[in-house]
Amino acid sequence: MINELNKQDAGWAEKLWQISERSYLHGSPWSLEQFRQDIVQENSHYLTFMRENHWLGFISYYQVLDELDISHIVIDKDSQQYGYGRQMLEEAINYWRKKEFVRLLLEVRESNQGARTLYEKLGFQCIHKRKKYYHHPQEDGWVMELIL
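Here UniProt numbering is used: position 37 in the sequence shown is 37, and no number is missing along the way.
Hints were generated in silico from the structure; no laboratory data involved. Fair warning: there could be bad hints in the mix.
[As the list claims (entries may be wrong)] Keeping only pairs whose Cα atoms sit at most 25 Å apart, straight-line, the calculated PhoX-like set for lysine-lysine is:
| no. | residue 1 | residue 2 |
| --- | --- | --- |
| 1 | LYS7 | LYS121 |
| 2 | LYS121 | LYS98 |
| 3 | LYS99 | LYS7 |
| 4 | LYS77 | LYS99 |
| 5 | LYS15 | LYS77 |
| 6 | LYS77 | LYS7 |
| 7 | LYS98 | LYS132 |
[What the hints assert, rightly or not] Okay, the calculated beta carbon distance ranges per label pair:
| no. | residue 1 | residue 2 | range |
| --- | --- | --- | --- |
| 8 | GLN34 | LYS77 | 13 to 21 Å |
| 9 | GLN81 | HIS26 | 15 to 23 Å |
| 10 | ASN6 | GLU91 | 29 to 37 Å |
| 11 | GLN37 | GLU67 | 21 to 29 Å |
Here the structure is a predicted model, which is why all the values come from computation and not from measurement. C-beta atoms are modelled at their ideal positions from N, C-alpha and C, and glycine is treated no differently.
All chains, please: the whole structure from these sequences, using the hints.
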């Protein structure tokens, strides 16, 4: 189930970082301090995805008027390959449609074929490629868009 994270508790930053650190192939793209700084920003938002009080993942994003820019889509390493990523995104997309947002943007590593395929199945389209966007290792990023 998708829920908005209560950002009043800054302690969530450590939980978000831990999940991110163990779930990304190359470790968390953000440091713990970056999560701490982000979580208090007014236009940053976090959706948590949980089952029976167990964190399966989260999505972080920025709201700019009626558009959303997704910065993280994370499924905990132990919960990957069970379809939770798709389920989390489908629930989030439905949540955002009910709130009448019109457009989603995200970036994904060119080498992350599994994620790109999932996003395409959900209706995202590549609208731009950013050369050398990612570091550790360096590679191109795809900017993908979903019109809600």
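Hint-by-hint comparison with the structure:
1. As the CA atoms of LYS7 and LYS121 are separated by approximately 31 Å, the hinted pair breaks the 25 Å bound.
2. For a cut-off of 25 Å, the pair hint linking LYS121 to LYS98 stands: about 21 Å separates their Cα positions.
3. Under the criterion of a C-alpha separation no larger than 25 Å, the hint pairing LYS99 with LYS7 is consistent with the structure, at around 19 Å.
4. For the suggested pair LYS77 and LYS99, the alpha carbons sit about 30 Å apart, so the restraint of at most 25 Å is broken.
5. For the hint linking LYS15 to LYS77, the alpha-carbon distance of about 14 Å falls within 25 Å, and the restraint holds.
6. A hinted pair counts as satisfied when its Cα atoms are at most 25 Å apart, and LYS77 with LYS7 qualifies at roughly 24 Å.
7. For the hint linking LYS98 to LYS132, the alpha-carbon distance of about 36 Å lies beyond 25 Å, and the restraint is violated.
8. Restraint check, GLN34 to LYS77: a C-beta distance of roughly 20 Å satisfies the suggested window 13 to 21 Å.
9. For GLN81 and HIS26, the Cβ-Cβ distance of about 18 Å falls inside the hinted range of 15 to 23 Å, so the restraint holds.
10. In this structure the hint that ASN6 and GLU91 lie 29 to 37 Å apart at CB is violated, the actual value being about 18 Å.
11. A hinted range of 21 to 29 Å for the beta carbons of GLN37 and GLU67 is consistent with their spacing of about 22 Å.
The structure fails to meet hints 1, 4, 7 and 10 from the earlier list, while all remaining hints are met.
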